[in-house]
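Kindly produce the complete structure, drawing on both the sequences and the hints.
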Amino acid sequence: MATKLDSLVDSLNIAFPDISKIEGAIHVSLDLVVLNVEPSQLLEVAQRLHDDPALSFKQLSDLCGVDYATYGQDEWGTDTGNMASFSRAVSAASTGSLSFGDGFELPASDNQRFVVVYHLLSLDHNVRLRLRCAASDDSMPVVPSICSIYSNANWYEREAFDLFGILFDGHPDLRRLLTDYGFIGHPFRKDFPLIGNVEMRYDAVKGRVVYEPVTIEPRVLVPRVIREDGRYVSGAAPSDEAKD
Amino acid sequence: MPEIRNYTMNFGPQHPAAHGVLRLVLEMDGEVVERADPHIGLLHRGTEKLAESKPYNQSIGYMDRLDYVSMMCNEHGYVMAIEKLLGVEVPERAQYIRTMFDEITRILNHLMWLGTHGLDVGAMAMFLYCFREREDLMDCYEAVSGARLHATYYRPGGVARDLPDRMPQYESSRFTSKSTAGKLNDSRQGSLLDFVEDFTNRFPKCIDEYETLLTDNRIWKQRTVGIGVVSPERALQLGFTGPMLRGSGIEWDIRKKQPYASYDKVDFDIPVGTNGDCYDRYLVRVEEMRQSSGIIKQCVEWLRANPGPVLTEDHKIAPPRRGEMKGDMESLIHHFKLFTEGFCLPEGEAYAAVEHPKGEFGCFLVSDGANKPYRLKVRAAGFAHIAALDEMARGHMLSDVVAIIGTQDIVFGEIDR
Chain A
1 MATKLDSLVD SLNIAFPDIS KIEGAIHVSL DLVVLNVEPS QLLEVAQRLH DDPALSFKQL
61 SDLCGVDYAT YGQDEWGTDT GNMASFSRAV SAASTGSLSF GDGFELPASD NQRFVVVYHL
121 LSLDHNVRLR LRCAASDDSM PVVPSICSIY SNANWYEREA FDLFGILFDG HPDLRRLLTD
181 YGFIGHPFRK DFPLIGNVEM RYDAVKGRVV YEPVTIEPRV LVPRVIREDG RYVSGAAPSD
241 EAKD
Chain B
1 MPEIRNYTMN FGPQHPAAHG VLRLVLEMDG EVVERADPHI GLLHRGTEKL AESKPYNQSI
61 GYMDRLDYVS MMCNEHGYVM AIEKLLGVEV PERAQYIRTM FDEITRILNH LMWLGTHGLD
121 VGAMAMFLYC FREREDLMDC YEAVSGARLH ATYYRPGGVA RDLPDRMPQY ESSRFTSKST
181 AGKLNDSRQG SLLDFVEDFT NRFPKCIDEY ETLLTDNRIW KQRTVGIGVV SPERALQLGF
241 TGPMLRGSGI EWDIRKKQPY ASYDKVDFDI PVGTNGDCYD RYLVRVEEMR QSSGIIKQCV
301 EWLRANPGPV LTEDHKIAPP RRGEMKGDME SLIHHFKLFT EGFCLPEGEA YAAVEHPKGE
361 FGCFLVSDGA NKPYRLKVRA AGFAHIAALD EMARGHMLSD VVAIIGTQDI VFGEIDR
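Line by line, the protein sequences are chains A and B. For the first sequence, the numbering used here begins at 1 and goes up steadily by one. For the second sequence, the numbering used here begins at 1 and goes up steadily by one.
Hints in this document: simulated from the structure, not taken from any laboratory. Built from N, CA and C at the ideal position, the CB exists for glycine as well. Check the hints yourself; a few may be wrong.
Unchecked claim - Some chain A residues judged to face chain B by a derived CB distance under 7 Å, without partners named:
(1) Lys4
(2) His119
(3) Val225
Said to hold, decoys possible - Okay, derived cross-link-like pairs now, BS3-like style, lysine-lysine, Cα gap no bigger than 25 Å in a straight line:
(4) Lys257/B x Lys58/A
(5) Lys265/B x Lys4/A
(6) Lys84/B x Lys4/A
As the list claims (entries may be wrong) - Coverage of chain A stretches by chain B, computed from C-beta distances (three or more under 8 Å per stretch; other residues unrestricted):
(7) 49-62
(8) 184-194
Below you can see the structure in the form of structure tokens.
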């Protein structure tokens, strides 16, 4: 397996000398080779990956958007003890109980917020590749469409547009796919509340279905926790502090 | 001469042949389909977003509800992605149990597909035959997990519990006479493995029955041969996987090419079609059922001979045994932490793919080191297939659209997520 990945990295270095000069643009993560590209290079790179016999990535397995707005943020610090303990997560005044909507502000970050991740499969070489392309503008993320190279990207891109609001330049038919007709917003963005913005019911007086603002209180049952004490690293003996 | 205009027709979402909640907007020229525009999302529940708000082990149940006719295979993809990031070892017995249940699930799925596809095309009897065998497999699900459909049986690090030593029995009631119950209980006297083995002995004959009804049936062939032909090049371009890809003549099966669980230790063949039409895909799936039956048999043999643990002993990830928990302080803490907070995955990304009955089921997990996924993307096989419906149906008659929907083996739970 390792040799297969190494030979893929070598072929990628030969095929894309410009990209391979950038630190970390081509690297191995777990059992996959990851290739980071700029939106301006994407079409060229994808075409080469598809056509080059040494790479021959003939199939697009998956395409998805990722919103990195709240990456690495927890709702419950684990470094210091506190009297409020676990209830901080469920009581309304706590930081754990995220109130969404108007009050929710995304943290400022230098990193690009929207990334499109492509999983490509080469049947000839029996190897997968993860292609990552970060959209440069957070307020209007645009990435070129690869529909002309991989036909099935059409619906995947529609889905990413629907859920994340990522625009795909050159897409033949960029319509919403999964959400309701007339839906407002992009539900998988991190600033979109889990419970949604509107709820729907049948109004007997009006004789039709009406949409109203949600009445449910947003609540976090299990707070998001990041533990950096290494307790989940296999083989490492748990340290004393870790046993709380 | 009057001008003949194309007209637009709405197919579904309440049409019995729409397999759930597919809404198709068809542009028709007479009875010929000019363009098909599938409208999906009527079953969109935001599974991926929901998973982001829950600890990892609480989302396994959501996976069952994706493709709700092949539950355990969905779970397998999800727990494999977690295991990949955690680097946890899965005991060999658990690997074999997973292999066996993946194949049981494959038969479950293919029986459902065969029954409904037959029904759509007009072979009513198929439905009744297929559901007869399906019932037995549902009993296997029930025996190991207590649930007939949504099992939540696979866990990160193994499976929830070992195979039971006895099968649940039927009781006579107002609806089941004593003699019927007795007949049903005949094969349920031993352990689950005995029952499964008995099933694999019976099942090939059942497949013969299905084939007698369909394979050389004139009407069946008229409805499926040459319908929805996809060339191998297009099948790759359109992202086809599983039987849809193999029906077009491409020999690709993740179980063979990138083996997971115990698939490298069992012997089986990959059936491949030649013409890429609905009939070939039918033949491929029927042969897959035979192969699955063989794999199950091999797993039963191994499982009989090799008792052992079925869940990892790392109690940071898997709960300790109930008895231990009552007597041991540390086990109690482990149990408490696991069920209130869950476990944290190391920061990173993982993509795990399994050969789901419908094709490639992939789970892409992004973890930022928290106890909940940062992003979970489910790559559903049916999504790519339904996206190609337009291309497959173009130029066919309206009635062939039904055959094409059938051959794609569409389940909306996984497409809409």
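A quick look at each hint next to the structure:
1. Of the supplied interface hints, the one on lysine 4/A is violated, with its beta-carbon coming no nearer than about 11 Å to a beta-carbon of chain B, more than 7 Å.
2. Taken as an interface hint, histidine 119/A checks out: its beta carbon lies about 6 Å from the nearest beta carbon of chain B, inside 7 Å.
3. Interface restraint check: valine 225/A against chain B, minimum CB-CB distance 5 Å, threshold 7 Å, status holds.
4. At most 25 Å may separate the alpha-carbon atoms for a hinted pair to count; lysine 257/B and lysine 58/A meet this at roughly 16 Å.
5. The hinted pair formed by lysine 265/B and lysine 4/A meets the criterion: a straight-line CA distance of about 22 Å does not exceed 25 Å.
6. Proximity of lysine 84/B to lysine 4/A is assessed by CA-CA distance (about 18 Å); at most 25 Å being required, the pair is judged to hold.
7. Coverage of the segment 49-62 of chain A by chain B holds in this model, with 5 residues showing a Cβ closer than 8 Å to a Cβ of that chain against a need of three.
8. For the segment 184-194 of chain A, the assignment as covered by chain B holds, since 3 residues bring a beta-carbon within under 8 Å of that chain's beta-carbons and 3 suffice.
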